[in-house]
Amino acid sequence: MTMASDIHTVPTDSLKTRADAMFRTKRLWSFGLPGLVLLYLVYAFFAFDLPGLIDRARPENGAILMRDIYSYKTHVERDNRTGEMSYAIEGERKGEYPEGTRPDWVTVKGDVTTVEMPDGHEVRYYPDHVEYEIPGYGTISARSEGRGVEATYPDGPMPDYISAARNRVMVVTDAGRVTITRNRTEVFRYFTGWELFFFTLDSPYHGLSAGELLSRATSGEAGAIWHDFWQNNMWRHADVAWALFETLLMAFLGTFGAALVALPLAFLAARNFTPLMLVRQFFRRIFDLCRGVDALIWTIVLSRAFGPGPMTGALAILLTDTGSFGKMFSEALENVDDKQIEGIRSTGAKPVQRYRFGVIPQVTPVLLSQVLYFFESNTRSATIIGAITGGGIGLLLTQAMITQKDWEEVTYYIILVVMLVFAMDSFSGWLRRKLIKGDDGGH
Amino acid sequence: MADQTASGAGVSSSAQIRESYMAQTRRKRLYGGMILAVFVALMASGFITADARNAGGFWDGLHQLGAFPAAVMSEAAEKITDLPANLVKYFPALVETINIAAVSTLIGAAGGILLSMLATRGLARWPRLIPLWRRIMDVMRAVPEIVIALVLIFVLGGGPVPAMIAIAFHTVGALGKLFSEVNENASLKPVEGLTSVGASWTQRMVLGVMPQVAPNYLSYALLRFEINIRASAILGFVGAGGIGYELKNAMAWGIGRYDEAAAIFLLLFVTIVAVDQIGSHFRDRLTHGRKEEVLA
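Line order of the protein sequences matches chains U and V. Residue numbering for the first sequence follows the numbering used here, beginning at 17 and increasing consecutively. Residue numbering for the second sequence follows the numbering used here, beginning at 3 and increasing consecutively.
Hints in this document: simulated from the structure, not taken from any laboratory. Bear in mind that the values here come from a model prediction, so they are computed numbers and not experimental data. No residue lacks a Cβ here, since even glycine has one placed at the ideal position from N, Cα and C. Be careful, since some hints might not be right.
Ranges between beta-carbon positions, derived for each pair [stated by the list, open to error]:
#	chain 1	residue 1	chain 2	residue 2	range
1	U	Asp65	V	Gly34	58 to 68 angstroms
2	U	Thr117	V	His65	52 to 62 angstroms
3	U	Arg97	V	Leu134	26 to 36 angstroms
4	U	Leu447	V	Asp62	30 to 40 angstroms
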């Protein structure tokens, strides 16, 4: 830009050399910078031990996870010592079929229980042994024997989906999984969908169609239907809704609490309202401290004092954001127009009145829009802080993940969190537009 | 509002104007007061609810607030001679945390640039797909990092890579949105010029748009780097490596290892403040430099 003014004074030759030099520098930068970035990424490749990671990765875990997201399994289990049968969805107590009922793909004839599986697979429980019929292979027969399992297989080579050991026989096929040990025989059959999402098996409304439910609801059972759905102890809709509310509460209390604390302090840190450098620097350093200590450390320190829960999370957000808001607010306050304040002063207003009527109306739209931005992003942060401090949907999410089997619940929670963040996103966007527009109309 | 009352001045007496002005002021005050009352009620009831759900109450905990920092400080003060050794011991973990943040910012910025180009009107490769790219960025921004990190830890095992991928994923969405806002202000003339000489879409973007927006991109990426350092420290706490993981271990040991916790606190604090200061200095220069250019 400065070159344009030099054109008349500098001879063309030196101008050309200068331009050449500039091009050289530019070329160096435009090739050097990507090169540096590439070098750094190569360093990071080895620093993160990516080759080792490929060894350590467990893709089968990923496969389990993916399958669990869209499907569920029903366990049919026999205790080989007592002969007692049990049927449970996901093998959980709360998914058990009530006494005397069983899935319709299990038939009992005399003392033989037959489990039908897809692709023509069939498992038959006899009082003293188990037979597993695999189409195209034959029938495996197994009985508990002394300290292990005695199994006989059809002739020919053993397929690799059967893992046979002295104390455990396991067959894993696309149709399901059969495990036979001395103490119990288990059959897993997989189904697509999220099981018992609306009603558990002990509810009279399980398995009814939407139309039937609607007609029952209109004939006075709406309360009972809602109760059975809301108190569903497999998916715990009531708890999940409460957890979502708790997450939102943390974000709300933290963000707006921080704004309330930061606003008066920001006056003390703004150059035009606090002429005393010492006071100003003191408050600025406090803001830096709040921001620098970071939500993680605040969460740890606060949870020692207040224990786990939403209050701790809210306070952690409050402290961190007080720092951020203090800095941003004081910058906004330094940019206010003095004329309006002088006008108010000319009417004989006291300092508090000057701030209220001369300053606040000027900065409100800016501050509110910043606060709303933070509210939105804190909804997400509250999930993470909740996971550390133990509150809200973050806690449910980590709990479901740590068990490493309820991936369908994890998926459900993730969808809910994303929807919550989306909702906050559009709500705060709407409010921001409304506030800024409303402000324009006022002037 | 003021115009309307003023235009009515010709027909109505000043007493009426005054009356209507006072009525408007009263109504405005009433609405303001109502919003304030609702807000205060929300804050108070929210506070009470959160307090009731917390394991320890707010007022019980308030006087214990200093107990834990005091315990850490006193133990650190006792073993002050170990402090340099501890700082050296945990320095590699800090470097790992910074590496996670840096790599994820670089990858996230690269992805963000691509997505933002695809999602900006006038620049998009396939204009019909703009809403799709925007939705993708929204989803990437909305998924909390911890979710992706925990899923990846299950599949890939613990370490820095799950955290890096999780943060990069979020960064793509966040930077993509900011970058596309920058792109909207870019002049289309260089792009048109390049189109007229037959440049491909990639060439138009790299040669026509990038030079215009690079300073803003860089400034946003620096801001994101600061945020990502915090995020990578937090993710370490849930098992994704780096200084957060060491902090969790030191905390789990409890009394007797607080000197190490103090060293980690110190490292983390200094890093965050340093990156914050350096970043804001450079960002200031980037935006300030641009202003000068505009003025010249």
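Right, here's what the structure says about each hint:
A beta carbon spacing of about 59 angstroms between Asp65(U) and Gly34(V) agrees with the range 58 to 68 angstroms that was offered as a hint. The beta-carbon spacing between Thr117(U) and His65(V), approximately 57 angstroms, falls within the hinted interval of 52 to 62 angstroms. The hint said 26 to 36 angstroms for the Cβ distance between Arg97(U) and Leu134(V), and at roughly 59 angstroms that hint is violated. Judged by the Cβ atoms, the range 30 to 40 angstroms given for Leu447(U) and Asp62(V) holds: they are separated by roughly 36 angstroms.
In this structure, the one hint that does not hold is number 3.
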